[in-house]
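S.K.: So the protein sequences, as listed, match chains X and V. The opening residue of the first sequence carries number 0 in numbering that gives the first Met the number 0; numbering runs sequentially from there. The opening residue of the second sequence carries number 0 in numbering that gives the first Met the number 0; numbering runs sequentially from there.
For the record, the hints were derived by calculation from the structure and aren't laboratory data. All values reported here derive from a predicted model rather than from experimental measurement. Hints should not be assumed to be uniformly reliable.
[Said to hold, decoys possible] Simulated pairs of lysine-lysine, DSSO-like, Cα-Cα distance not exceeding 27 angstroms:
hint, chain 1, residue 1, chain 2, residue 2
1, X, 459, X, 489
2, V, 61, X, 27
3, V, 19, X, 27
4, X, 241, V, 61
[Stated by the list, open to error] Now the stretches of chain X that chain V is said to cover, found in silico as 3 or more residues with beta-carbon under 8 angstroms:
hint, segment
5, 248-257
6, 324-330
[Claimed, not checked] Which chain V residues face chain X? A few, computed with CB under 10 angstroms, are given here:
hint, residue
7, 8
8, 9
9, 18
10, 22
11, 64
12, 101
Positions of the beta carbon are idealized from the N, C-alpha and C atoms, including for glycine.
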Amino acid sequence: MHILICGGTGCRASKSELIQTNLEDALKAKGLEDEVQVVTTGCFGFCEKGPIVKILPDNTFYIEVKPEDATEIVEEHIVKGRQVMRLLYTDPDKKETVSDAKNMGFYKKQIRIALRNCGFINPENIEEYISRDGYGALGKCFEMTPQDVIDIIKKSGLRGRGGGGFPTGLKWEFASKNEADQKYVVCNADEGDPGAFMDRSILEGDPHSVLEAMAICGYTMGADKGVIYIRAEYPLAIERLKVAIGQAREYGLLGKDILGSGFNFDVEMRYGAGAFVCGEETALIHSMEGLRGEPTVKPPFPAESGYNGKPTNVNNVETFANVPVIINKGADWFSAIGTDKSKGTKVFALAGKINNVGLIEVPMGTTLREVIYEIGGGIKDGKKFKAVQTGGPSGGCLTERHLDTPIDFDNLLAVGSMMGSGGMIVMDEDDCMVSMAKFYLDFTVEESCGKCTPCRVGNKRLYELLDKITEGKGTREDIDLLRNLSAVIKDTSLCGLGQTSPNPVLSTIENFYDEYMAHVDDHKCVAGQCKALMQYVVDPELCVGCTLCARNCPVDCITGERKEAHVIDVEKCIKCGACMDKCKFNAISIQ
Amino acid sequence: MAKVKSLADLKRMKEDLQSKMDLREKSNAPDSILQVKVGMATCGIASGAKEVMNFFIEESAKRGIAAVVTQTGCMGYCYAEPTIEVKMPGKDPIVFGDVDVKKADEIIEKYVKHGELVDGIIPVNYNTID
Ligand SMILES: Cc1cc2nc3c(=O)[nH]c(=O)nc-3n(C[C@H](O)[C@H](O)[C@H](O)COP(=O)(O)O)c2cc1C
Ligand code: SF4
Ligand code: SF4
Ligand code: SF4
Ligand code: FES
Numbered sequence: 000m001h002i003l004i005c006g007g008t009g010c011r012a013s014k015s016e017l018i019q020t021n022l023e024d025a026l027k028a029k030g031l032e033d034e035v036q037v038v039t040t041g042c043f044g045f046c047e048k049g050p051i052v053k054i055l056p057d058n059t060f061y062i063e064v065k066p067e068d069a070t071e072i073v074e075e076h077i078v079k080g081r082q083v084m085r086l087l088y089t090d091p092d093k094k095e096t097v098s099d100a101k102n103m104g105f106y107k108k109q110i111r112i113a114l115r116n117c118g119f120i121n122p123e124n125i126e127e128y129i130s131r132d133g134y135g136a137l138g139k140c141f142e143m144t145p146q147d148v149i150d151i152i153k154k155s156g157l158r159g160r161g162g163g164g165f166p167t168g169l170k171w172e173f174a175s176k177n178e179a180d181q182k183y184v185v186c187n188a189d190e191g192d193p194g195a196f197m198d199r200s201i202l203e204g205d206p207h208s209v210l211e212a213m214a215i216c217g218y219t220m221g222a223d224k225g226v227i228y229i230r231a232e233y234p235l236a237i238e239r240l241k242v243a244i245g246q247a248r249e250y251g252l253l254g255k256d257i258l259g260s261g262f263n264f265d266v267e268m269r270y271g272a273g274a275f276v277c278g279e280e281t282a283l284i285h286s287m288e289g290l291r292g293e294p295t296v297k298p299p300f301p302a303e304s305g306y307n308g309k310p311t312n313v314n315n316v317e318t319f320a321n322v323p324v325i326i327n328k329g330a331d332w333f334s335a336i337g338t339d340k341s342k343g344t345k346v347f348a349l350a351g352k353i354n355n356v357g358l359i360e361v362p363m364g365t366t367l368r369e370v371i372y373e374i375g376g377g378i379k380d381g382k383k384f385k386a387v388q389t390g391g392p393s394g395g396c397l398t399e400r401h402l403d404t405p406i407d408f409d410n411l412l413a414v415g416s417m418m419g420s421g422g423m424i425v426m427d428e429d430d431c432m433v434s435m436a437k438f439y440l441d442f443t444v445e446e447s448c449g450k451c452t453p454c455r456v457g458n459k460r461l462y463e464l465l466d467k468i469t470e471g472k473g474t475r476e477d478i479d480l481l482r483n484l485s486a487v488i489k490d491t492s493l494c495g496l497g498q499t500s501p502n503p504v505l506s507t508i509e510n511f512y513d514e515y516m517a518h519v520d521d522h523k524c525v526a527g528q529c530k531a532l533m534q535y536v537v538d539p540e541l542c543v544g545c546t547l548c549a550r551n552c553p554v555d556c557i558t559g560e561r562k563e564a565h566v567i568d569v570e571k572c573i574k575c576g577a578c579m580d581k582c583k584f585n586a587i588s589i590q
Numbered sequence: 000m001a002k003v004k005s006l007a008d009l010k011r012m013k014e015d016l017q018s019k020m021d022l023r024e025k026s027n028a029p030d031s032i033l034q035v036k037v038g039m040a041t042c043g044i045a046s047g048a049k050e051v052m053n054f055f056i057e058e059s060a061k062r063g064i065a066a067v068v069t070q071t072g073c074m075g076y077c078y079a080e081p082t083i084e085v086k087m088p089g090k091d092p093i094v095f096g097d098v099d100v101k102k103a104d105e106i107i108e109k110y111v112k113h114g115e116l117v118d119g120i121i122p123v124n125y126n127t128i129d
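With the rest of the complex left out, here is chain X (with noise of 0.2 angstroms):
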């Protein structure tokens, strides 16, 4: 029998590792430890309902595991044979448990192919990744041209997942045409969008694919150094890849003369300090370059003029992620799954007002509906759904109207937002879509380098605007400012990160305008979300005047004799909302 437990960072953090070394202790009291494996893995996705415990070979999947509940798992399940039924999953809408995770909605409509083996194999253990086709991908492309190489990424159809959605193939050939001494495959792990943790759960789950399918690049396109632009923050992914290119050195997978093919590659690491802008490609190599972390204007582009002005192929983790596999089952068969012109699959961290939150892969063409309440189990505690915001700061809000679209690259920049690098977040009606796009700009405006006028002067009028209007102080002409404001800076900023950044104003002033209406015209939020707009107001018909809420009033500002009704200032109130708690007749609301 094999136990697996989940070692990503989320489970990490409820104590995983503890409840392994309590399972190994447990197994060794019974004298088991020879005949049970314990193997720590990547990210199953399901990290909302984290720490995961799956035991094979029954495939019982064991959530909010505790580490105190390790012997009960060893004595019962292990040497009994019988379930723990507490740990297993209860599906919230038939309320039945399920153990075995393929039956359970969250993972049904999954198809798993970047994550193919996160959650299954132990990522500090080359050998695992190797038992399951580990660098035969590799060994496959020596026996082939380059270009014949390029010629089946190109076929597969695969396309960047860091954003931009350029296809692979294609990317992969500019880099191998130009001629030169040297030549570099970067890959971009700097997964900057608030929220995501996809590039991170593949690093740390399946390290090595990353590897391989650089070692493959390098090969197409006459590259013999790789580099993996990581965020320091990310210290469990440095890690593993730290091991995983030790042994990968170890066994002769990296280095010289990899499988006796005469073709030698290396990687090595470059920790970035966390700035969003630093994901954009050409930023990316300045910092790496140890130059400030700036876009500068495209062309010439990487595949030309890269790292050290040499031709650079720079890629998404996930992209990478995605390569072995396509050489290993074929270009038909990865292009057989997608929709016309996005092909295979894309991760997505699922977040927000929804019941399964985690990390999801599904073929392009799922729908939003699929993703949102088959997978993702619905909206939270019963409320309404709103919104789903796709592509991070860069990306939309999509509405009710929009939730059967199929998700592809396309689609989504059809209806005003993007894919993005794959975060989701679901909102529901307690969620106000001004202070949303608010949210966003605060962010972009934290993150602009700064170096072009629009996007650092723009983006703070933008965030100072919706400010005023979540404040109850916006007009009419205000929406007409943001929406003209928006376009100048889309057109004016030399890279991405202005050049989306009003996507989130636009995108809501287009689906929400009502919304925005409420707070210019009837100074109201109608979620309830914008303190300015509130006001806490005694119903006379129910107050007592038992003085509670006055005497609790933290700036005095509720008057009122004993035995009649109470009166809130309401110049005054500071909105603690400390009143209404208090009162024990319900005769506070917010209005």
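On the provided structure of chain X, position chain V with the ligands as indicated by the hints.
M.R.: Then chain V with the ligands, alone, in the frame of chain X:
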């Protein structure tokens, strides 16, 4: 660790390693292989179920039979322990009683390899234990 020097080397290595990962791979498609469940409750263990289980694990690997061997709770045939349930792909499960190492050997050679029935089957109209 010796370096992997060629694609042939890598393939050989993969094959060697695969048996270690077999169990994990196969739990993805459990119906396609031989499944053996060994009753390992107190009564089973007391009458030697652990040896039988080890025997199955080791011998099926040695004899090149793809099998998932697991333990299960008491099957309710305490009078005939150790009991094991053998499920061949595409066939109904069969429960054998009083299995010792010798009987296990016979089960592998006759039933698993050639489909011949051997003595000791507990005739039941029961549902598989899950
Ligand atoms: C502001 C900004 C931030 C970006 N951040 C990332 C990032 O974190 N990770 C990433 O892979 N690509 C990011 N990109 C996209 C990269 O510039 C580049 O297109 C990508 O790494 C190319 O790889 P791909 O073709 O495999 O997607 C960002 C782009 C912009 C404009
Ligand atoms: S658009 Fe913004 S982030 Fe990009 S270069 Fe200009 S100022 Fe810097
Ligand atoms: S606590 Fe409630 S009932 Fe008592 S005085 Fe205040 S509003 Fe009236
Ligand atoms: S919300 Fe706070 S400040 Fe306002 S009336 Fe109630 S207790 Fe006083
Ligand atoms: S970190 Fe454990 S399931 Fe994601």
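S.K.: Among the hints numbered above, which are violated by the structure, and what are their numbers in rising order?
M.R.: Violated: hints 4, 6, 11, 12.
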